[in-house]
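Residue numbers (the working numbering), protein chains in the order written: chain A, 40 to 351; chain B, 40 to 351.
If you are wondering where the hints come from, they were derived from the structure by calculation, not from laboratory data. Given the structure is predicted, the values throughout are model-derived calculations rather than measurements. Possibly wrong hints are sitting among the right ones.
Identical copies carry no separate label here, and so any pair may be met within one copy or between two of them.
With a Cα cut of at most 25 Å, we get these calculated DSS-like pairs of lysine-lysine [stated by the list, open to error]:
#1 K216 <-> K205
#2 K170 <-> K92
#3 K170 <-> K229
#4 K54 <-> K229
#5 K89 <-> K170
#6 K286 <-> K92
#7 K92 <-> K54
Protein chains: 2
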Amino acid sequence: MTKTLVIGGYSDGDKADLSRTFDPLFLAGPEDLAGLDDAARADVTAVAYKGHKPFGAAQMDLLPNLGLIANYGVGYDAIDVDAADARQIKVTNTPDVLNDDVADIAVGMMLCQGREMMQASAWARSGNWAKNGEYRLNRKVTGSTVGILGLGRIGREIANRLAAFKMDIHYYARSEKDTPGWTYHSDPVKLAAAVDFLVVALVGGKDTEKFVSREVIAAMGPRGVLINISRGTTVDEAALLEALEAKKIAGAGLDVFLNEPDIDPRFYALENVVIQPHQGSGTVETRAAMAQLQRDNIAAFHAGEALLTAVN
Amino acid sequence: MTKTLVIGGYSDGDKADLSRTFDPLFLAGPEDLAGLDDAARADVTAVAYKGHKPFGAAQMDLLPNLGLIANYGVGYDAIDVDAADARQIKVTNTPDVLNDDVADIAVGMMLCQGREMMQASAWARSGNWAKNGEYRLNRKVTGSTVGILGLGRIGREIANRLAAFKMDIHYYARSEKDTPGWTYHSDPVKLAAAVDFLVVALVGGKDTEKFVSREVIAAMGPRGVLINISRGTTVDEAALLEALEAKKIAGAGLDVFLNEPDIDPRFYALENVVIQPHQGSGTVETRAAMAQLQRDNIAAFHAGEALLTAVN
Numbered sequence: 040m041t042k043t044l045v046i047g048g049y050s051d052g053d054k055a056d057l058s059r060t061f062d063p064l065f066l067a068g069p070e071d072l073a074g075l076d077d078a079a080r081a082d083v084t085a086v087a088y089k090g091h092k093p094f095g096a097a098q099m100d101l102l103p104n105l106g107l108i109a110n111y112g113v114g115y116d117a118i119d120v121d122a123a124d125a126r127q128i129k130v131t132n133t134p135d136v137l138n139d140d141v142a143d144i145a146v147g148m149m150l151c152q153g154r155e156m157m158q159a160s161a162w163a164r165s166g167n168w169a170k171n172g173e174y175r176l177n178r179k180v181t182g183s184t185v186g187i188l189g190l191g192r193i194g195r196e197i198a199n200r201l202a203a204f205k206m207d208i209h210y211y212a213r214s215e216k217d218t219p220g221w222t223y224h225s226d227p228v229k230l231a232a233a234v235d236f237l238v239v240a241l242v243g244g245k246d247t248e249k250f251v252s253r254e255v256i257a258a259m260g261p262r263g264v265l266i267n268i269s270r271g272t273t274v275d276e277a278a279l280l281e282a283l284e285a286k287k288i289a290g291a292g293l294d295v296f297l298n299e300p301d302i303d304p305r306f307y308a309l310e311n312v313v314i315q316p317h318q319g320s321g322t323v324e325t326r327a328a329m330a331q332l333q334r335d336n337i338a339a340f341h342a343g344e345a346l347l348t349a350v351n
Numbered sequence: 040m041t042k043t044l045v046i047g048g049y050s051d052g053d054k055a056d057l058s059r060t061f062d063p064l065f066l067a068g069p070e071d072l073a074g075l076d077d078a079a080r081a082d083v084t085a086v087a088y089k090g091h092k093p094f095g096a097a098q099m100d101l102l103p104n105l106g107l108i109a110n111y112g113v114g115y116d117a118i119d120v121d122a123a124d125a126r127q128i129k130v131t132n133t134p135d136v137l138n139d140d141v142a143d144i145a146v147g148m149m150l151c152q153g154r155e156m157m158q159a160s161a162w163a164r165s166g167n168w169a170k171n172g173e174y175r176l177n178r179k180v181t182g183s184t185v186g187i188l189g190l191g192r193i194g195r196e197i198a199n200r201l202a203a204f205k206m207d208i209h210y211y212a213r214s215e216k217d218t219p220g221w222t223y224h225s226d227p228v229k230l231a232a233a234v235d236f237l238v239v240a241l242v243g244g245k246d247t248e249k250f251v252s253r254e255v256i257a258a259m260g261p262r263g264v265l266i267n268i269s270r271g272t273t274v275d276e277a278a279l280l281e282a283l284e285a286k287k288i289a290g291a292g293l294d295v296f297l298n299e300p301d302i303d304p305r306f307y308a309l310e311n312v313v314i315q316p317h318q319g320s321g322t323v324e325t326r327a328a329m330a331q332l333q334r335d336n337i338a339a340f341h342a343g344e345a346l347l348t349a350v351n
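Full structure from sequences and hints, please.
Below, the structure is given as structure tokens:
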């Protein structure tokens with residue numbers, strides 16, 4: 040009897056770990072649900088989900104006895120939580136275990152962007168250093184002014200690191216938070232205007248769609264660098280591409296995009312953008328911790344115990 | 040009357056700044072000294088020096104009235120200070136103003152190496168992300184154990200940043216220092232064996248030549264990553280290349296090399312090495328501060344005032 044259905048692109052190691060605990064059924068994506076027969080679908084009480092394809096009312100209604108959707112990842116914007124609520128389905132995610140890695144990628148992109156580390160590496164490796172002399176001077180990162188958009192757990196990890204780089208830290212959040220003297224802005228446009236680096240650490244989903252609007256991007260000015268480790272949806276990407284191409288802002292460091300992995304090819308032409316393939320949490324250590332937390336939530340559900348990291 | 044001789048590859052902006060203050064004579068390198076006539080050489084009382092070519096007794100003896108060599112850069116290993124002492128020539132450098140930038144490059148190389156950011160960027164930009172899926176998992180950086188070889192001003196700046204990445208900080212120095220609980224090692228081999236990342240922040244020169252010896256490198260082990268922002272001379276580069284090629288250590292992040300900029304081409308074949316073209320201090324802001332400090336030392340010398348940052 041299949042109680043756990045695993046949906047998404049899991050590694051062989053993750054599949055083995057899931058199989059050891061749950062004897063699950065595997066599907067590549069939610070689009071394969073319709074291919075299961077009624078009995079198999081009726082057996083499913085828990086879904087282990089990984090991916091960014093929508094999992095909403097239509098998918099839930101194919102699983103009449105579903106009680107849990109355990110998401111792999113902290114961002115659960117692919118899952119329609121309102122639809123889950125209406126069906127008394129619980130949703131869990133994997134918060135906290137990935138905060139450090141995502142914050143590391145944010146800081147790494149800031150250093151790479153400001154210090155042009157990828158171009159400098161190419162300069163050395165191509166032999167230009169020997170043939171044509173020193174790489175051009177670039178921009179000091181320590182001591183910059185930074186704005187964190189969304190001072191949740193990941194935003195705070197980023198800010199804590201940047202404090203060690205002697206940065207003047209500003210932030211936007213829905214309300215002022217307890218901080219070590221960081222400057223609160225209730226208006227994201229004013230935040231953008233006040234800082235050199237603007238780091239997007241918002242939750243994804245409909246509420247934050249294009250939160251980094253054309254107006255916010257315009258306010259960054261010619262020294263502004265946008266760093267995004269949240270979701271591609273949080274940024275008005277058309278406005279961002281225009282600003283980058285016209286050099287109305289200095290550059291960007293992006294781990295997330297609209298339509299990943301088929302991102303807008305206009306990004307490839309931009310030398311002032313550090314591109315990462317949504318690898319914020321992509322370490323062996325952290326992905327193992329995320330998979331473990333997902334399994335622990337499913338095991339707790341099957342045992343009738345309290346969920347570890349419930350969303351709803 | 041030429042009192043100040045400027046030697047080295049200065050930018051046009053730096054040359055203009057020097058000319059505004061000193062009406063100097065410019066030479067491309069110390070090898071051009073012999074081409075000056077006796078009278079011109081006798082006029083020189085101060086040298087503004089930039090570069091890594093040796094400036095020793097032979098060069099000093101061509102300038103019979105020399106009283107100051109003002110070095111551009113904190114590392115003055117190109118200048119023979121003993122020879123200067125013997126001739127009552129003072130030497131100055133440009134410490135502190137570049138600490139932040141050099142520390143930033145050290146941390147940037149650690150993040151790039153551990154998180155494979157340059158390979159991940161290439162994966163996305165080449166279209167592999169869209170065609171072949173996620174970039175491979177890599178290695179968590181936060182929470183690593185790090186060893187700082189040389190806890191001077193730059194080493195401390197690096198350690199302060201890494202503390203914010205929750206690292207367990209170990210260090211080697213000639214004697215134990217006042218630290219916030221960091222672990223002291225009097226033996227660099229034992230330090231190397233105890234840590235994941237080994238960061239070289241030693242002073243250059245003869246005393247530290249191959250301080251990172253074959254034995255130190257062997258002690259790092261297969262998880263070890265060497266970061267060097269000091270001088271190429273501090274590392275046994277032949278042993279390092281062998282260890283990297285044989286994957287006896289995990290990788291390296293190097294801003295400095297022997298024979299810069301004609302570095303050993305074997306480095307180019309190594310994917311596990313982040314290469315930077317000695318750009319630790321290479322920002323517009325910091326190079327301006329270094330140039331200003333060099334000029335201030337020369338101005339103080341000509342005015343008979345105390346030097347700001349004397350080495351001897």
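Quick rundown of the hints versus the structure:
1. Both within a single protomer and between protomers do K216 and K205 lie at most 25 Å apart by alpha-carbon distance, with minima of 20 Å and 23 Å respectively.
2. Taking the shortest Cα distances, K170 and K92 sit within 25 Å of each other only across copies (17 Å), while inside one copy they are farther apart (49 Å).
3. Taking CA atoms no more than 25 Å apart as the test, K170 paired with K229 passes in neither setting, with 45 Å inside one copy and 40 Å between copies.
4. For the homomeric pair K54 and K229, neither the shortest alpha-carbon distance inside one copy (47 Å) nor that between copies (40 Å) is at most 25 Å.
5. Taking identical chains as interchangeable, the C-alpha atoms of K89 and K170 lie at most 25 Å apart only when they sit on different chains, with a minimum of 19 Å there against 48 Å within one chain.
6. In this homomeric assembly, K286 and K92 never come within 25 Å of each other (Cα to Cα): the closest approach is 33 Å inside a single copy and 39 Å across copies.
7. For the homomeric pair K92 and K54, the shortest alpha-carbon distance inside one copy (19 Å) is at most 25 Å, but the shortest distance between copies (59 Å) is not.
The structure fails hints 3, 4, 6 (numbered hints given earlier, in ascending order).
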